[in-house]
Amino acid sequence: MTPSLLQVLPVVHLALGLLLAALTLAFLLRIVLTWYPQVDLKQGAWSLIAWPTEPVLSLTRRVVAPIGGVDVTPVIWVGLLSLLRELLVGQQGLLSQVLMRSQAIS
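Heads up: the sequence shown runs through residues -16 to 89, numbered per the working numbering.
The calculated label-pair distances, taken between Cβ atoms and stated as ranges, are:
hint, residue 1, residue 2, range
1, P20, Q74, 30 to 40 Å
2, Q21, L77, 38 to 48 Å
3, S89, P20, 49 to 59 Å
4, L77, L16, 26 to 36 Å
5, V47, R84, 35 to 45 Å
6, V47, V22, 14 to 24 Å
7, S65, A87, 20 to 30 Å
Read the hints as simulated data drawn from the structure, not as lab findings. The beta-carbon is built from N, C-alpha and C at its ideal position, and this holds for glycine as well.
Construct the entire structure; sequences and hints are all you get.
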């Protein structure tokens, strides 16, 4: 690996971990908001949760139909994002391993 890439790797690791955690939290909030159908996601602070999640959820809803009248697409995305976060920046994740090896070498 080049030295410049090794200098950027900790920042990428942190930023990716925070981004995936924030997206997971947004989808978890969408799961909770499904319990309250009277909440308008276009008003107030709720739009901050709906804005990044709704495009992904609407595409997924085309593939996965509601089960028993319940929209399960946010649950699917929480699972996928959690898996991706663990594979990339988790304790045994790919970027974590590369980062640990680069620190051990230097």
